[in-house]
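Next come the chains, spelled out residue by residue.
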Amino acid sequence: APSQEGDKRAGPIVLAAASMHDALEDAADAWARQGHARPALSFAASSAAARQIEAGAPADLFVSADEEWMDELEGRDLLVEGSRAVLATNRLVLIAPAGSNAEIAPEPGFALAEALEGGRLAVAETESVPAGRYAKAALVDLGVWNEVADRLAPAENVRAALQLVARGAAPLGITYASDALAAPGVKVLGEFPAGSHPPIRYPLALVAAGGHPQAGAFRGFLLSPQGAAILARHGFGTAERD
Amino acid sequence: MAGAPRHRRQGQACPVNALAFDIDIAVARPGRRIEVRIASTDSLVALVGPSGMGKTSVLDAIAGLLGPACGHIEVGGKRLFDAAGQVDMPPERRGAGYVFQDSRLFPHLSVEQNLAFGTRYADGRAPFADPAECAELLGIGHLLHRRPRELSGGEIRRAAIARALLRAPRFLLLDEPTASLDDARRQDILRIVEQIRDRFALPILYVSHDRSEVDRLAGDVVEL
Amino acid sequence: MAGAPRHRRQGQACPVNALAFDIDIAVARPGRRIEVRIASTDSLVALVGPSGMGKTSVLDAIAGLLGPACGHIEVGGKRLFDAAGQVDMPPERRGAGYVFQDSRLFPHLSVEQNLAFGTRYADGRAPFADPAECAELLGIGHLLHRRPRELSGGEIRRAAIARALLRAPRFLLLDEPTASLDDARRQDILRIVEQIRDRFALPILYVSHDRSEVDRLAGDVVEL
Amino acid sequence: MLTSAEWDIVALSLKVSLVAIAVTLPLAFALAWLLARRRFPGMVLLDALVHLPLVLPPVVTGYLLLLAFGPQGPVGSIAQRLLGIVFSFHWTGAALAAAVMALPLMVRAIRLSIDAVDTRLESAARTLGAGRWDVFRRITLPLAAPGVFAALVLGFARSIGEFGATITFASNIPGETRTLPLGIYTALQVPGAEGEVARLAIISIALSLAALVASEWLVRRGTDGKGRPVL
Amino acid sequence: MLTSAEWDIVALSLKVSLVAIAVTLPLAFALAWLLARRRFPGMVLLDALVHLPLVLPPVVTGYLLLLAFGPQGPVGSIAQRLLGIVFSFHWTGAALAAAVMALPLMVRAIRLSIDAVDTRLESAARTLGAGRWDVFRRITLPLAAPGVFAALVLGFARSIGEFGATITFASNIPGETRTLPLGIYTALQVPGAEGEVARLAIISIALSLAALVASEWLVRRGTDGKGRPVL
Ligand SMILES: Nc1ncnc2c1ncn2[C@@H]1O[C@H](COP(=O)(O)OP(=O)(O)OP(=O)(O)O)[C@@H](O)[C@H]1O
Ligand SMILES: Nc1ncnc2c1ncn2[C@@H]1O[C@H](COP(=O)(O)OP(=O)(O)OP(=O)(O)O)[C@@H](O)[C@H]1O
Ligand code: MOO
Ligand SMILES: [Mg+2]
Ligand SMILES: [Mg+2]
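Protein chains in written order, with our numbering: chain A, 1 to 242; chain B, 1 to 224; chain C, 1 to 224; chain D, 1 to 231; chain E, 1 to 231.
Hints are computed from structural coordinates only; laboratory data are not their basis. By construction, the Cβ of each residue, glycine as well, lies at the ideal position given by its N, Cα and C atoms. Among the hints, erroneous ones may be present.
[What the hints assert, rightly or not] Partial selection, computed: residues in chain D whose CB lies under 8 Å from chain A:
(1) 23
(2) 43
(3) 44
(4) 46
(5) 48
(6) 49
(7) 70
(8) 85
(9) 88
(10) 90
(11) 91
(12) 92
(13) 168
(14) 171
(15) 215
[Unchecked claim] Now the stretches of chain E that chain D is said to cover, found in silico as 3 or more residues with beta-carbon under 8 Å:
(16) 2-16
(17) 104-113
(18) 134-145
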């Protein structure tokens, strides 16, 4: 990297989707325990990180929650060719506050509107935020989108949607399984059928403007079985990798 | 320093309750304690004394803007303050027509609005004159739509006098009202004060450094 | 209205360049045009006239705070303003010792700091007195650490006078300097002004409504 | 020029912001007056509380609003039961978030102006017969007008720009709580939607420019041009 | 009490905020003076530009900063080449974001105070020999002190709380740009980290409370308690 300001920040700079926080922190710890300089992990919305890369910010590795943004960067030749890979996969779940007695699971034509009982369905923003787009696709596929389209509570990101449910502001919500897994205050009512939405993939790639000598090795570590084990502990899947 | 009446013009023996001023207070100021006693049947009392002796402080105390340390204030038979009897009338109920040494016109109001400011609080008392007449008398009739910032020093002074008169006061506190006025204007104002003194028997406390004014106007002269 | 010298005390024929004041200006004010002509060899000229006629405006113009519409201003042989010759010296270079009608002490500075404010701009001219001496002379020596807000009206006036004197002025503009001062203080100040007039031959323009003051001090009297 | 969806966003933003500052103004003035003129125990605490929304990340403020004013929050449940006011997912929630974020700015501006009011003028008004309330209304308030105008401009601008607290507390519901910033945010998430972002940002700028010009005009009408009030 | 990671965040936040307001203060004063005292073409535009960061959602401001001050932006590339200043992923970027967000608040506060300065006092100072600069330094500036103090408090609080522009422009790098709000955001991503969120929020509150108390103390030392400056 042209200006790593070297010394102090020895590890590579990783820009990552906020929803990968726990898994990547664990992975970075494990990596550091092997005697490497710990990478600097910066968590933000995938869009914010991608725009920084577009602006020429010297990041080394990008982990996106969203293939669209990775496509965008790839199209602009901002990534190291051949370094793109799928790091993890996720699943979509229907959640309710921990104390809820709702009993409903996602399936074609399920009675989602009734289950809301006048409340709203917490989701990530359905036009822009990846988790929201998957949720919309799934609801359309299951044939209930029209009933709930005007009953949504779109949130800034998946975590915020989770909070709306945890705080009882919304009786039901749709999030990633990885988010719901560890969250107190919510329970998973059911998983959306895998075919009801496009596969949820978290791609990663080396950034061309970067060039930290360790970046490639850390990428390899994340994709290694050891990395996969850490991701799995946090509710992510890795099966779909090529 | 307690001031004692020095000379009287219309002095007769009077029952105590006919006193225009019955004041006996001490006011604390940094490094100075101002004591004053005024007991006068004359409706116009002059308050004189060197600069910095406490004339303005006494007027402030009578107007209710400065709390005396002790004593009592009675003007026109009305008890305004009494340390013993726990009387301390708020300024707005004392009915003073106070011409401040520093004028204190309201900068956000036109001269006309300044003059009218106190009228609505007259409690049914009739003012001495109607506003237009009073403004003419003081030579500020052509300035009614100006703001205080656009007035000369003497014009400000006259507007301050008009404002105090037009509030239909129960008594007047005049702190060097003729300062920065030319001789002709000064005579006008002295004449107005005399008329108010004689026609309405309004208690008037008059601060001035001008011996001739004091001699002309005052019954009692209290020296600080 | 052009004011013409009314009476002279030390009047002799002089060459033009020995004029203390050579002023011929017109100043525009809302609804009024103030014209004044002063050509005097006397170092102390009194400016008199009814309230609102424009005395303060003339002083402001000489100090450089108000632009005259036309004419010229020369004080002590120095051209301060000349509409024709495009001269318009900024106020800070004119060297006026201006006692404002409204005093204008700096509220954020102590009296002492107010007095010292102009000293550093003296350009090597020696002030008439040292600050402590001047303060004693004006009876404000015990107030040096106070703020202007904690002064009486007359104390403010005296501090304003001291500030103007201590800046080592090239000429003085005194707008009713003795307003709101008792007789003794007034005499003190008149004596100081006389001394400055006689000892330093400083041009002084003196605004006053007091005929006796004017008679005592002034060579020329200009009436607006 | 604007699509109808964009018009809706603009109209909603205006409604939310105007309601927010209209409701906040009297409260801000009262708080500013208290802080400027009174000494009381807990004063610093009140001061700190007013400043809180400035210091905390907006998302946290939104989260705290959710805890307090949400359907199960202590205030929210009472407001709903007694007044029938619902904040969650409702434009009133967006207005509440905007109001809370604008409050500290408005209080500071007004307080500065109240501090600058010459209390000798208030004394003069009292000797003329005006009681405390009349003095406030006829002297203090008009003399503090520059601060009030500044508060309105700052508050309006802050409300028009408020994002984090709104989306966290009131969500991002088209027609209800999707104000301009939320619309911009939504567009920003999508690659290649820079055009939409620019359009909405320009609308925001135009709105606030209009507000600025209007306020300068008001100030000039309401003062002598030097910040000294005429009314 | 605090973990060492938390201390780092606090120290970084303080550094970023203090540098931001220290750098911004002179600029804010100059802008406030210009807007208060001069009439010039483009004045309303300048005024609007100063207010922009208040009106736009912080994320947009961050994005615009990225375009201008990023490594390939017109200003950023020049700054890097000529001054060696890098903003991306660097605490200077966080400070720049905080400064830009604080600017409108600081300008407004100072402008209010400059408007309240009695120009007759400035005239008096000039007759006493003080040139324009000395009048400014010895009269205008000290008389505008209440506005400067208010600007410092508002600016500091806003800087301490700044989130959207920072994360968008300077990213969320631990030890470099992860200030308190970004730390809070990061903790909010972790299920069950409400405790951490609360800790960091309380630190924010404590910091701003300390700043408030300090400023009140400064104001009281610097003024007569009524907002009238003594220095
Ligand atoms: N606001 C104030 N704070 C502190 N001290 C004050 C204040 N106002 C006046 N003083 C002091 O109190 C004393 C009396 O002041 P006061 O204004 O009553 O005098 P005065 O007789 O009216 O003088 P003058 O003729 O100069 O107006 C003076 O020594 C003055 O310095
Ligand atoms: N700032 C101002 N704006 C507009 N008009 C003004 C302003 N100051 C004074 N005037 C007007 O200009 C005229 C001259 O005022 P000036 O202050 O020069 O009078 P003066 O002779 O000093 O009066 P006084 O003896 O009352 O102080 C008056 O009619 C006054 O109303
Ligand atoms: O990782 Mo996201 O962009 O907060 O859904
Ligand atoms: Mg007095
Ligand atoms: Mg005058």
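Verification of the supplied hints:
| no. | hint | result |
| --- | --- | --- |
| 1 | 23 | violated (22 Å) |
| 2 | 43 | violated (33 Å) |
| 3 | 44 | violated (31 Å) |
| 4 | 46 | violated (27 Å) |
| 5 | 48 | violated (25 Å) |
| 6 | 49 | violated (22 Å) |
| 7 | 70 | holds (5 Å) |
| 8 | 85 | violated (15 Å) |
| 9 | 88 | holds (5 Å) |
| 10 | 90 | violated (10 Å) |
| 11 | 91 | violated (14 Å) |
| 12 | 92 | violated (14 Å) |
| 13 | 168 | holds (6 Å) |
| 14 | 171 | holds (4 Å) |
| 15 | 215 | violated (31 Å) |
| 16 | 2-16 | violated (count 0) |
| 17 | 104-113 | holds (count 7) |
| 18 | 134-145 | violated (count 0) |
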